[in-house]
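Colleague: So the protein lines, in turn, are chains A and H.
Read left to right, the first sequence gives residues 3 to 169 (the working numbering).
Read left to right, the second sequence gives residues 51 to 150 (the working numbering).
Hint data in this document are derived by calculation from the structure and do not stem from the laboratory.
Check each hint, because a few of them may be wrong.
[As the list claims (entries may be wrong)] Simulated coverage check for chain H against chain A, where a stretch passes if three residues somewhere in it have a Cβ under 8 Å from a Cβ of chain A:
no., stretch
1, 64 to 76
2, 86 to 99
3, 102 to 111
4, 114 to 121
5, 129 to 136
Each residue gets a CB set at the ideal place from its N, CA and C atoms; glycine is no exception.
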Amino acid sequence: MDTLNVSFYVLGALAVLGALSMLLSRQPMRAAVSLLFVMLVLSGMYALLSAPFMAVLQLIIYAGAIMTLIIFIVTLVDVKGDDLHKVFSQITLFAVPAVLGLSVLIILHIMQGIPAAGQPPAEFGSVKNFTRILLSQYALQFELASVLLLVGIVGISALRGKKEESK
Amino acid sequence: MIPLNFLLIVSLILFMVGTLTVLIRRNILMILMGLELMLNAASLLFITYARVLGNLMGQFFTLFIFVVAAVEVGLIIAIVLNIFGLKKSLLTSNFSLMRR
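Input sequences plus hints: build the corresponding full structure.
Modeller: Written out as structure tokens, the structure reads:
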């Protein structure tokens, strides 16, 4: 068993523990910090899977921007009364067996055999390779993503912006 | 060699924990975090298979998942703030009425 395998096992176990802690913690702030931990661990796994650029993007976009927004909103709204006590919904009794059964089915399918990993091409996933293909072969999709971001900005300002006084 | 089976199972567990969070938690912010966890599990699967098949396509998919997740979180937070202004609560069971 080489060190790469051991790192994968440690990181995978940490990710699962963080996710479970997110599911079970009663306070949204603790759950948000657990989710942040899962994202940091996943960034390490991306780096080990020869995707260094995606690892950095995971740190900047997910851990840096998205989780900051979520933690900001958790601190912004102050909840009282029922919100603190009613944590789990009534369908828990049905949802847990359903999700467990589905997981067992998928694990049985995984165990039936899947292609083994080969050696990736040299420079696989390096920033140079990644951006060269992204900005030539997938230029249209890249531009469409920026349009999507623009639509998001317009939508958020339409939802939250101050209405102009009508005269 | 990377432990492919192990990575698939980690991704499966993360996705299923995210699904459970969406299904059983009652706080709308917790549901949002469950959605994020599901997106992350899918990203892990894409990057694992990009490495296994030696094809960069999976990494591009992950990049676009990041973009969609950023837009989605911004919009959901705007909607949650609007609803919180009306109801003073984050429980989904209080969001069932469409009128004020």
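Colleague: Each of the hints needs a verdict: does it hold here or not?
Modeller: Tested hints:
1. A stretch counts as covered by a chain when three or more of its residues have a beta carbon under 8 Å from one of that chain; for the stretch 64 to 76 of chain H and chain A the count is 11, and the coverage holds.
2. Note: the stretch 86 to 99 of chain H has 7 residues with beta-carbon separation from chain A under 8 Å; the three-residue rule is met and the coverage holds.
3. Under a criterion of three residues with beta carbons nearer than 8 Å to beta carbons of chain A, the stated coverage of the stretch 102 to 111 of chain H is upheld, 6 such residues being counted.
4. Residue count for the stretch 114 to 121 of chain H with a Cβ under 8 Å from a Cβ of chain A: 7. That meets the three needed, and the coverage hint holds.
5. Counting residues of the stretch 129 to 136 of chain H whose beta-carbon sits less than 8 Å from any beta-carbon of chain A gives 5, enough to reach three: the coverage restraint holds.
The structure shown violates none of the earlier numbered hints.
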